[in-house]
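Trainee: Spelled out, the chains give:
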Amino acid sequence: MDTVLFIIFAIVAIVAGFNVVLQRHPISSALSLVGVMGSLAVLYLLLGAEFMAMAQMIVYGGAVMVLFIFVIMLLNAGAEKPSSKAWFAQIAGLPLLLAFIATLGFLIYSALPGLRAVEFGSWTMGTAEEIGKLLFTQYLLPFEVISVLILIAILGAVVLALKEID
Amino acid sequence: MHFSPVPLSWYLTLSAILFVLGVAGFIYRKSVITVFLSIELMLNGVNLTFIAFSYQLHRIDGHIYSLFVMVVAAAEAAVGLAIILTVFKNRGTLQIDEVDTLKL
Numbered sequence: 001m002d003t004v005l006f007i008i009f010a011i012v013a014i015v016a017g018f019n020v021v022l023q024r025h026p027i028s029s030a031l032s033l034v035g036v037m038g039s040l041a042v043l044y045l046l047l048g049a050e051f052m053a054m055a056q057m058i059v060y061g062g063a064v065m066v067l068f069i070f071v072i073m074l075l076n077a078g079a080e081k082p083s084s085k086a087w088f089a090q091i092a093g094l095p096l097l098l099a100f101i102a103t104l105g106f107l108i109y110s111a112l113p114g115l116r117a118v119e120f121g122s123w124t125m126g127t128a129e130e131i132g133k134l135l136f137t138q139y140l141l142p143f144e145v146i147s148v149l150i151l152i153a154i155l156g157a158v159v160l161a162l163k164e165i166d
Numbered sequence: 001m002h003f004s005p006v007p008l009s010w011y012l013t014l015s016a017i018l019f020v021l022g023v024a025g026f027i028y029r030k031s032v033i034t035v036f037l038s039i040e041l042m043l044n045g046v047n048l049t050f051i052a053f054s055y056q057l058h059r060i061d062g063h064i065y066s067l068f069v070m071v072v073a074a075a076e077a078a079v080g081l082a083i084i085l086t087v088f089k090n091r092g093t094l095q096i097d098e099v100d101t102l103k104l
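These protein sequence lines are chains A and W, in that order. According to my numbering, the first sequence is numbered sequentially starting from 1. According to my numbering, the second sequence is numbered sequentially starting from 1.
If you're looking for bench data, these hints aren't it; they were derived computationally from the structure. Don't be surprised by glycine CBs; every beta carbon is placed ideally from N, CA and C. It is possible that some hints are incorrect.
[As the list claims (entries may be wrong)] Dumping the calculated DSS-like pairs for lysine-lysine here, alpha-carbon to alpha-carbon at most 30 angstroms:
| no. | chain 1 | residue 1 | chain 2 | residue 2 |
| --- | --- | --- | --- | --- |
| 1 | A | K163 | A | K81 |
| 2 | W | K30 | W | K89 |
| 3 | A | K81 | W | K103 |
| 4 | A | K163 | W | K89 |
| 5 | A | K81 | W | K89 |
| 6 | W | K30 | A | K81 |
| 7 | W | K103 | W | K89 |
| 8 | A | K163 | W | K30 |
| 9 | W | K103 | W | K30 |
| 10 | A | K163 | W | K103 |
[Claimed, not checked] Some chain A residues judged to face chain W by a derived CB distance under 10 angstroms, without partners named:
| no. | residue |
| --- | --- |
| 11 | V59 |
| 12 | M65 |
| 13 | I131 |
[As the list claims (entries may be wrong)] Here chain W is said to cover these stretches of chain A; the calculated rule only asks that three of the stretch's residues, wherever they fall, bring their Cβ under 8 angstroms from a Cβ of chain W:
| no. | stretch |
| --- | --- |
| 14 | 1 to 10 |
| 15 | 25 to 31 |
| 16 | 98 to 106 |
| 17 | 114 to 125 |
| 18 | 137 to 150 |
Isolated chain A (complex conformation):
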């Protein structure tokens, strides 16, 4: 059952990921990215990260993607015009990417011995309670710093959106 669920949602994530990269129209890319995020939320749930799965759906699948789609619709962004790519990217881009993923695969399969097998329900520490306990004790300072970061980001977004540049 775990394997079936993993394979279904991994395939959805990869196909939607390819769709993000290959679609010409930004709105299609954005909607495919929602698919990636939804299937990743299911995979988080399989890994026992129930709080992160919910946060993924609400923050990423909800808030961030709504922001993206809002901007795409506001700018009325049409299909991307094809343009010439740099000669380096044309010649070496694909081989370098394949070499990169081959390196990552080699690292995962040879340099990481003793990886566990993931069984749904065998580890259930990822609840809101446990994360809250850790976040407000050991990680209190990073939490405060990141709240300041959010505040600065809000102010920055407002300033940038109101600014008149000529």
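Assemble the complex: chain A is given as a structure, and chain W must be docked to it using the hints.
Mentor: For chain W alone, coordinates are given in the frame of chain A:
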């Protein structure tokens, strides 16, 4: 119902594939919004790695880091989209190779 376990390396491979797809989109696409979406794809791949290793070590520190990545991504999306709006207002284009004032 029989639950058969999945090797953790499959999750790591999936996150590597998503990260590389994000890199490909970042390099090859010319629309600034799609480039931005590719960055989000990369961040999602990294988040999956954090949560997979959190399972491996049976500690929830990885979830906290993943939460921080999510927060930074949200902040980055807000500022980045404001920058895109400003560029579009001033240039009237979303193609990254048409915004080349800094180029010699």
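Trainee: So which of those numbered hints doesn't the model satisfy?
Mentor: As far as the earlier hints go, not one is violated by this structure.
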